[in-house]
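Undergrad: The chain contents come next:
There are 2 protein chains.
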Amino acid sequence: MLKLYYAPGTCALATHIVLEEAGASYTTERIDFKSNQQNSPEYLSINPKGRVPSLVTDRGILTETPAMLAFIAQTFPKAKLAPLDDAFAFAQVQAFNSYLCSTVHVAHAHRMRGYRWAGEESSFADMKRMVPKTVGACFALIEREMLKGPWVMGESYTVCDAYLFTLSGWLEVDGVDIATLPKVADHRRRMAERPAVRKVVAEEKA
Amino acid sequence: MLKLYYAPGTCALATHIVLEEAGASYTTERIDFKSNQQNSPEYLSINPKGRVPSLVTDRGILTETPAMLAFIAQTFPKAKLAPLDDAFAFAQVQAFNSYLCSTVHVAHAHRMRGYRWAGEESSFADMKRMVPKTVGACFALIEREMLKGPWVMGESYTVCDAYLFTLSGWLEVDGVDIATLPKVADHRRRMAERPAVRKVVAEEKA
Chain A
1 MLKLYYAPGT CALATHIVLE EAGASYTTER IDFKSNQQNS PEYLSINPKG
51 RVPSLVTDRG ILTETPAMLA FIAQTFPKAK LAPLDDAFAF AQVQAFNSYL
101 CSTVHVAHAH RMRGYRWAGE ESSFADMKRM VPKTVGACFA LIEREMLKGP
151 WVMGESYTVC DAYLFTLSGW LEVDGVDIAT LPKVADHRRR MAERPAVRKV
201 VAEEKA
Chain B
1 MLKLYYAPGT CALATHIVLE EAGASYTTER IDFKSNQQNS PEYLSINPKG
51 RVPSLVTDRG ILTETPAMLA FIAQTFPKAK LAPLDDAFAF AQVQAFNSYL
101 CSTVHVAHAH RMRGYRWAGE ESSFADMKRM VPKTVGACFA LIEREMLKGP
151 WVMGESYTVC DAYLFTLSGW LEVDGVDIAT LPKVADHRRR MAERPAVRKV
201 VAEEKA
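From first to last, the protein sequence lines stand for chains A and B.
Residue numbering for the first sequence follows this note's numbering, starting at 1 and increasing by one per position.
Residue numbering for the second sequence follows this note's numbering, starting at 1 and increasing by one per position.
Be aware that one or more of the hints could be misleading.
Identical copies look the same in the list; a pair holds intra-copy or inter-copy alike.
[What the hints assert, rightly or not] Straight-line Cα separation of at most 27 Å, BS3-like style, residue types lysine-lysine; simulated pairs:
hint	residue 1	residue 2
1	Lys133	Lys199
2	Lys183	Lys3
3	Lys133	Lys78
4	Lys183	Lys133
5	Lys49	Lys128
6	Lys148	Lys3
7	Lys148	Lys205
8	Lys3	Lys128
9	Lys80	Lys128
10	Lys183	Lys49
11	Lys183	Lys34
12	Lys199	Lys128
13	Lys199	Lys148
14	Lys128	Lys148
15	Lys78	Lys34
16	Lys80	Lys3
17	Lys49	Lys148
18	Lys3	Lys34
19	Lys49	Lys3
20	Lys49	Lys78
Everything labelled a hint here was simulated from the structure, so no lab data went into it.
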């Protein structure tokens, strides 16, 4: 049995959706960011980075969204959530996920978490001002070069779709007008109609 | 035949080492950052992100270090550069690589590339001051929790080792004293003795 530690509004949504799409048996536990539970001794014993998501498996604990998404796809091959028998196509999936975690999510994080990389209020304000531009540039590249359509990798739905849906859900707070990104907007609409996505989004909102 | 676009002093070193360790047939092309070649129309047609590394394969072009490292490990299975038949162990490899790209490399990048996330000189200086602390915290976690020894994943040398060696090579310029990180220092020493590492480092320095 798998157990996902998550917090609403975080990138843990991607793994949560993929567990549901995979038909996995799993439970969830919500971490309360308002009380800083992610830095409690109990949670740090699960994930010493003090971040979500974490995935408890019978072999040990996994962290880092791209690693978890590939793990779930490999563990539940019948769900066909990644091209597991084609190293190049699998690498394309991984390259997309890696871009989201190392560039897109990082650009977004400068809006509210500037204290990770600077110490002055003036720097935080400066970083915050830049977010619509940096996140906007990332998504313009996704729109133009990466999102093949209808799904990220083309005809096949993959773990990339759950991850993109998670990060494109932050566009509005990041000050990026989704109307400038018609393929991303269309992707969000189709994702929101999927039963697994509806179920998980409702659970995280409850 | 594979072709790696790289620049000296960048994270492309990890992929370069892994190609050599894999016994792959490959060529390299150096991108000149001083003349901003990474943003030339020619290079942007290879990698629209304007970053290195990029790996040209007979199926198309790959970007993003974690994706390339897993691709090379899967394409050259005899080199045993990742636990390919064990989804959980493979996920541990991927989680390590994902942490390096999304957290450690990002912390480092705030030293010289603050313009990616802010606009004011005062912010760049603020970010730069924070780098010894943020990169230091990342490597303290690697030392304490992640580097199993003698190699990152324990007894088996994997792609993680080339990636760690690449980023631990930046500790000195980032103002982190490697003497506080004995396992990382020992890892660097043993990496530097490997024939593949010696060959690639010499080529990048030439």
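Undergrad: Flag every earlier hint the structure violates by its number, smallest first.
TA: Violated: hints 1, 2, 3, 7, 8, 9, 11, 12, 14, 15 and 20.
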